[in-house]
Amino acid sequence: MVVKKEYFAYDFSNVHWLKVDKEGKLGKGVLFGEFSKFEGEASIKTVARKAEGVPVEEVSKPEMMEGTLTGHILLSVARELYGLTTQGLQEGIWAYGSNSKTANFALTAEERDMYGEPHLLAFPNVSVTGGIKWSLENGSEEVAEIEIPIKAMRDSSGNLRYDALASEVTDEKVKEKWHTDFSPDMVKEDYTFPS
Numbered sequence: 001m002v003v004k005k006e007y008f009a010y011d012f013s014n015v016h017w018l019k020v021d022k023e024g025k026l027g028k029g030v031l032f033g034e035f036s037k038f039e040g041e042a043s044i045k046t047v048a049r050k051a052e053g054v055p056v057e058e059v060s061k062p063e064m065m066e067g068t069l070t071g072h073i074l075l076s077v078a079r080e081l082y083g084l085t086t087q088g089l090q091e092g093i094w095a096y097g098s099n100s101k102t103a104n105f106a107l108t109a110e111e112r113d114m115y116g117e118p119h120l121l122a123f124p125n126v127s128v129t130g131g132i133k134w135s136l137e138n139g140s141e142e143v144a145e146i147e148i149p150i151k152a153m154r155d156s157s158g159n160l161r162y163d164a165l166a167s168e169v170t171d172e173k174v175k176e177k178w179h180t181d182f183s184p185d186m187v188k189e190d191y192t193f194p195s
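Numbered per the working numbering, the sequence shown finishes at 195, counting up by one with no gaps.
If you are wondering where the hints come from, they were derived from the structure by calculation, not from laboratory data.
None of the values given here were measured: they were computed from a predicted structure.
Careful, some of the hints might be misleading.
To be verified - Label pairs and their calculated CB-CB ranges: (1) Tyr115 to Pro62: 25 to 31 Å; (2) Leu84 to Asn138: 22 to 28 Å; (3) Ala166 to Ser36: 20 to 26 Å; (4) Ala95 to Glu117: 41 to 47 Å; (5) Gly97 to Glu141: 32 to 38 Å; (6) Glu39 to Phe193: 29 to 35 Å; (7) Leu31 to Asp185: 19 to 25 Å; (8) Ala95 to Asp171: 41 to 47 Å; (9) Ser43 to Leu84: 25 to 31 Å.
To be verified - Quick list of in silico lysine to aspartate or glutamate cross-link-like pairs, EDC-like style, CA-CA up to 20 Å: (10) Lys151 to Glu111; (11) Lys101 to Glu80; (12) Lys45 to Glu57; (13) Lys151 to Glu39.
Heads up, the beta-carbon is just placed ideally off N, CA and C, and yes, glycines get one too.
Produce the entire structure from the sequences given, and follow the hints as far as they go.
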């Protein structure tokens, strides 16, 4: 196998979300929407060892990641994501308010380099960190995009993110199931897919 020395991220697509149900299990991955921008940053906790009051060694560990997705979200996904409800309302009416709870979910995406080489990304434990936000402009020549602030937290293995160049993944089933059935277990060394 040839190991690439450089990776040039160019664009991304195929963003899916896998909603966590009431029992804490990940559901099937469904298309999240179409996005033009995906950005994030890990927050780091630094632990220092001091000798005679002077730092002599430091170890930095990621605690969580915060980021933003910018683009167009599917209406059905937006309603579930932000916890809109029809309870007690006339047919076709949805409400967003103090009883709304944002969903917890896993997020997968496919990043590509400038040559089209796919790079699979997964964030196994994500939540929305802000409320519904919008901006409309009359006479605009472009459809308005929304921004969704998100936070990626550790999963049961302590990981915030999983990523893989598709060309380096030898198990075809992992690539096939990445967006529809992702779980931290399926990428473990000893995992066997059910038949």
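* Numbers of the earlier hints that this structure fails to satisfy, in rising order -> none
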